[in-house]
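> What follows is the residue order along each chain.
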Amino acid sequence: MLYYLQDVIDGVLMGSIYGLLALGLTLIFGVLKVINFAHGSFLMLGMYVAYWTVSLTGLHPYLSLILVVPAMFLFGYGFQKALVQPIFKAESDVREPITVIIVTTGVWYILDNLALLLFGPDYRALTPNPLKGKMLELGEIFISLPKLYGCISALVTAGALTWFLRATRTGRAIRAVSLDREAASLMGISQWRIFAVAMGIGTSIAGISGVALTPFYNVYPTVGVPFDVKCFVIVVLGGLGSIPGAMLGGVIIGLVESLGPVFMTATWTEAIVYGLFLLFLFVKPSGLFGVKYDW
Amino acid sequence: MPLLEISNIDVSYGDVQVIYDLSLNVNEGEVVSIIGGNGAGKSSLLKTISGLLKPSAGRIRFQDEDVQGAAPEDIVERGLIHVPEGRRLFSLMSVRDNLEVGAHSRRARAHRERTLREVHAMFPRLLERSDQLAMTLSGGEQQMVAIGRGLMAMPRLLMLDEPSLGLAPILIKEIFRNVRKIAESGTTVLLVEQDVRHSLELSNRGYVLEHGRIAMEGSAKELMDNPHIKTAYLGI
Ligand SMILES: Nc1ncnc2c1ncn2[C@@H]1O[C@H](COP(=O)(O)OP(=O)(O)OP(=O)(O)O)[C@@H](O)[C@H]1O
Ligand SMILES: [Mg+2]
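Those protein sequences? They're chains A and B, same order as listed.
With this note's numbering applied, the first sequence corresponds to residues 1 to 295, in that order.
With this note's numbering applied, the second sequence corresponds to residues 1001 to 1236, in that order.
Mixed in with the good hints there might be a few duds.
EDC-like mimics (lysine to aspartate or glutamate), calculated; alpha carbons at most 20 Å apart, straight line [claimed, not checked]:
hint : chain 1 : residue 1 : chain 2 : residue 2
1    : B       : Lys-1054  : A       : Glu-91
2    : B       : Lys-1181  : B       : Glu-1201
3    : A       : Lys-89    : B       : Asp-1074
4    : B       : Lys-1221  : B       : Glu-1201
Read the hints as simulated data drawn from the structure, not as lab findings.
Note that this is a predicted model, so its numbers are computed, not measured.
Working from the sequences, and respecting the hints, build out all of it.
As structure tokens, this is what we get:
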């Protein structure tokens, strides 16, 4: 029993970090109604920013947030304004412009290859890393401290985002645009500004995930890819555009991943993850919480 | 000089033209009705005024400034407010949040607490239902939120698109009573309606829109006495 408990804890902690990353993707989807295929690359970018900040300044890994969050916000904001918005304007009568998928996929490839050119293919471990290998020992259970902090940061971020969307003027405007763009513009809300702000916030959440990961996860140019794929699964599982759905979806994927190998070979876990994905797409495309969910 | 002055506009959806060479004026303090059957182009006209559609020709002036082609949010900032057909509430947001979003513009935001009290005074039901999700309201209550949300924007000109649509007769009366109150408090109103009798009763003037063209215009009384209107719209 204790043996499983260890895996359950690992799965929940790692899963909550998947959920954190998915939070950014689900926010962007909820507002723009398109999947940002470059989200995993934004995570990679956030991880490199965190990595270089720490290795160049010697700051504590978590203090790199001070740089990562605003830098990633501006990056996402600019990405939306420069690349995605022109497509929306050109295809204003299309609700889910396919071109956005093509462009975000293009950005994914470009960013990953740019990282390869600039930083090489090396797997980089964070240094200095005061959290390296730190464990919390509870009897026979070991809890990885950086994963625990990652889980806490996921919960704090989810709570802060929920508060922001409910209690602030910009947050309400984001919800209004995600529910009815045209009606929102009749309230004096600029949908272009809201799209860019949502992309900025979603991207800075990818940055926070990056900061949470670097103390125990190596950085390399394609590090975003496995996360990207899990993220899509999570967002579909949790219901597109739902905050609790993203967190819960993340934990489910984390558990499948950590408990799966106990019962079967690793390839089967992957199969189960994608199986869940397809099952939900067919049986309940609205996810666990149903389509009518306001964040 | 009129508050709103529309001169010779053409409007199309892609290749399909729906408004032809249309001109119309609304003076400060007036209530003006636009009447017309299904598909006449009434909603398209309001969407063009509020910037959701761009006219391919002609001019729209509000407070003596050109607004054709301006973004909807800039038009809202000027106090030209459009309460759309079918209410279009933010269904999963509370009544209070819907009203708050109505006061999003810079101009309205500063006064939003006072405006909210005025809206609650006009529609006490909305105060009781503050925390309820808009989608769970009855049709009449939803229309109150839609109008209240428009008032939260502090309109100089309030455009209402079929506020009585789909409501029971008793609620229709109440909606029109409130439109009258809004007008009496000094807000200029442009009212699109299929309930011709009620809307002309509280209007100063009216325009009849048929197939995207102004077929007739005049004082409310002239229109009500007009034989064509009597047979085609009043069913007498
Ligand atoms: N989004 C659209 N795309 C193409 N054509 C449209 C669109 N919206 C409206 N139309 C067409 O424009 C014409 C005018 O429609 P509009 O909605 O303005 O009429 P209306 O007078 O408001 O009618 P109703 O009383 O039924 O609301 C109709 O022929 C309609 O089919
Ligand atoms: Mg209409």
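> Each hint: holds or not?
We went through each hint and held it up to the structure:
no.	hint	in the structure
1	Lys-1054/B - Glu-91/A	holds (16 Å)
2	Lys-1181/B - Glu-1201/B	holds (14 Å)
3	Lys-89/A - Asp-1074/B	holds (18 Å)
4	Lys-1221/B - Glu-1201/B	holds (8 Å)
Checked against the numbered hints above, the structure violates none of them.
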